[in-house]
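Chains R and V are the protein sequences, given in the same order.
So the first sequence is numbered by my numbering: it starts at 1 and just counts up by one.
So the second sequence is numbered by my numbering: it starts at 1 and just counts up by one.
No lab work stands behind these hints, which were simulated from the structure alone.
Hints are supplied without guarantee of correctness; some may be wrong.
Restricting the straight-line Cα-Cα distance to at most 20 Å, the calculated cross-link-like pairs of lysine-lysine (PhoX-like) are [as the list claims (entries may be wrong)]:
1) K365/V <-> K273/V
2) K155/V <-> K27/V
3) K96/R <-> K626/V
4) K725/V <-> K63/R
5) K104/V <-> K155/V
6) K447/V <-> K350/V
Covered stretches of chain V (in silico footprint by chain R; criterion: 3 or more residues with CB under 8 Å from a CB of chain R, positions within the stretch not fixed) [to be verified]:
7) 219-233
8) 647-653
9) 724-732
The structure presented is a predicted model; accordingly, all values stated were derived computationally and were not measured.
By construction, the Cβ of each residue, glycine as well, lies at the ideal position given by its N, Cα and C atoms.
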Amino acid sequence: MELVIAIFIGLLYASGVYLLLRRSIVKLILGVFVISNATNLIIFLSGGITRSGVSFIGDEAEKASLETMTDPLPQALILTAIVIGLGIAAYILALKYKYFETTGTHDLDQLSKTDQK
Amino acid sequence: MEQLAIVLIGLIFLMGLMVPVLRPLLKNYTGRILALVPFALFGALTFLFFTLPDETARIVETGFGFLPEMQFSFRIDGLSLIFGMMVSGIGGLVLGYSSFYMAKYAGRTKFYFFLILFMGAMLGLVFADNLLALFIFWELTSITSFFLIGFDHDKDKPRQAALQALLITALGGLCLLFAVIMVGNIAGTFRLSELYAQGIHLGAHSHYQTVFLLIFVAIATKSAQFPFHFWLPGAMNAPTPISAYLHSATMVNAGIFLLLRLNPVMGGTIAWKGALILTGGITMFIGAFFSLGQKDLKRILAFTTISALGTMVMLIGMNTTASIKAALIFFIVHGLYKGGLFMVAGIIDKNTGTRDITRLSGLLKSMPVTSIAGILALLSMSGLPPMLGFIGKELIYDAKVQMPELSWLVVPLGVAANMMMVAISILVFYEIFIPRKNKPAIPLFHKEKELPGNFLVGPVVLALVGLGLGMVPGWLNNILSNAMFYVQSQAVDVHLALWHGFNQVLLLSIFTVAMGTIIFILRRPVGKLVGIIILWTDQYHLPEKFNNLISNYLNFAGKHTNRIQHGYHRYYLITFFMATLLLIVYQLLDAGGEWFHPAESSPVRMHVVLVLIISAMAVLFAVFSKSRLSAIVSMGVLGYGVAVLYMFYGAVDLAITQFLAETIIMVIFVMVIFYLPDFAVLSSKKSRIRDAIIALAVGAMMTMVVLKARFINMEEPISQFFAEKSFLEGHGRNIVNVILVDFRALDTLGEITVLALAAAGVFTLLRFNPIKKKSEK
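Construct all of the structure, not just a fragment, from the sequences and the given hints.
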């Protein structure tokens, strides 16, 4: 299964990089999303996927053992990443919106000029 | 007393930094009042001058430094006393003199600020015991003199001259830094006192040539030796008090000082003698020669400064007892007369509005005090009795005549240069001071009586000191033998006298003066000849050549910067991806080992694979889609697909968050999409293929990294800790939640802050309307 997921991650990265190299800014933003998803998956995979129990402590127990449950630490990290990704997405889209409204172009090669339309 | 001296140097620095505060309080008295500190230092040094026993140096530790090897420790010995007294004494006079000279200038705060800091740096330089501290002060003099030379920053010429001086002396500074580090590494210490005490001489070391070359560039740039001499006349664009200070006792003499300081450690080798005698000789000659063709009094003085610096370098290169003694005396002589002459030139300039010697005349009648001070300084410059200059010149001739093997070369060169010095002195004397019938006396702006005393006091004091020391040179005996002890590392008895008896040297002197007078009489043809040569050399005009070099360099750099910093984000990214790719693939292949172990991996679950295939297809669709909306929807499919994957593997919190976040992003995207343009194919087919290849390579690399990462465990995982403590100490059963809000609560706070900032950013962005604002204007 790891091999399958690793190939999936590779595919996501390939698509993401390809999108990042486009001149259109919308595609660039899509590329950022794809790569952030792929990166989250890497972190998730690093915790191991041999166990797949929910990382809860049972009602009666005081401690839990890692034998059966998914590693909780990567999950906590990814959770943070997802939420921050959301913030970035909102900001980047607002920026894009304003930028297009101001300059009237979505071609990044035109962005180097500071003159407005 | 030596502690007091060092404290006073510190006080000078402090005073410099305080100038912006002090000047509004002291108003027009700033220069005169601030001059008290250098005079106090001069007093302290004078006391030491008379009390310092032979063959001792006093070391003062301040206990302050940047590094253990870089302590600001100071040494007081004969050499640093001679230089320190000149720097502080002339410095005080220059400050007092500036008080009047600069009275009408704007930017006086800046002037005093940099002048006093420059003075402090120069004093630090001559008293430093640590070579690294010496380097720092050396650079400080370069930087402060840059601001002083470029004082009239709204004019083009001073700016260029300042830049030129800075670039050239900074080149030397860099060389000095390397040299100092090498000396420190070879000798194991950066302290002069230890270097001297251990009697270390680098001459035999295999890196000696390199160190010497670096030191040589450092002193040649600082002390304006050929072929770096050209920045010095340009520095004349500074206001006259600055010229008077920079060219008499400070700045350009720093190189001379360094040579004397390092003489015990590096001097006397073939390379040392050859390089210094040759360069010094050439510099001495061309300086004197070109001074004959100048009309501007300050430029004449600048070229004679070059000549004097050449003389000192040459004397140090000769490295005999007589020549070092001559160099030390000549430093004092030169500082006294050059400082005085510059100040006289400034007074004349202020009073007549010109420094052109063809227009000035008859000043002896209208400005007697200034003129007499000037004439005494000229006497010293041409080496006539009873001035100290005479003793200096006699010692120089003496050293040259006694020079083994090379006297046939150095004596004629020296005599020729001195003949021209005599000629230029007589010329200046005749043109400026003597009243003549066929040249109308120049009108004055002020009567001399109206000039404030402290304006005249500088040149008068310097002239009288020159005269006094010429009469009783014995005062210098003690301090000279102390200085000689540290320069030559052997005890030398010094007995100076005005009258040496009738000997070969005196004959040479008489011959020099006679020839100088003949050159003066033939000044018309000689002036023409020099003019022709100057015209001829103008095609090799060094300052211009230097400027061209700099501008060519800037063009070159600009062109190549544009190539690297092209401003296209995708090429930056390509560079970044390629570099990462190469480095990581190299590392991965180099590491070798296992990539994948079927037995260790979890079983393949078909429903997960199905989700992955759907997500993968969605992504590919998003990449190649021409429609904005379908691309975004397929992004949503990917996001949900990943969420489902999380769920299959037990990460419920992640799945929920991912669902929510993905949904919100989709909503925002759809809201914005209406305002966004359609996708268009902007890049050519060729670049698309190139990008696809790079993308696939990066993807393959990431797959390899992910696979390899499973076999690398740097640290023991800490997850067990969370599993055990989560309920007992965090009182929560959902471990992921407890980690977020308890164990790593600060991270979460940071995350919330990021969200808040993003929200604030979005809000501001949407309110910001540059176009509207423009139309409102």
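Hints, one by one, checked against the model:
With a C-alpha separation of about 48 Å, the suggested pair K365/V and K273/V falls outside the 20 Å cut-off, and the hint is violated. Of the pairs offered as hints, the one joining K155/V and K27/V is violated, with about 26 Å between alpha carbons and a cut-off of 20 Å exceeded. Only pairs whose Cα atoms come within 20 Å are accepted, and K96/R paired with K626/V is accepted, the gap being roughly 19 Å. Using a Cα cut-off of 20 Å, the hinted pair K725/V and K63/R holds, with the two alpha carbons roughly 7 Å apart.
For the hint linking K104/V to K155/V, the alpha-carbon distance of about 17 Å falls within 20 Å, and the restraint holds. At most 20 Å may separate the alpha-carbon atoms for a hinted pair to count; K447/V and K350/V meet this at roughly 11 Å. Restraint check on the stretch 219-233 of chain V versus chain R: 0 residues with Cβ-Cβ distances below 8 Å, three needed, restraint violated. Coverage of the stretch 647-653 of chain V by chain R holds. Counting CB-CB distances below 8 Å, 6 residues qualify, and the rule asks for three or more.
Restraint check on the stretch 724-732 of chain V versus chain R: 4 residues with Cβ-Cβ distances below 8 Å, three needed, restraint holds.
Checked against the numbered hints listed earlier, the structure breaks hints 1, 2, 7; every other hint is satisfied.
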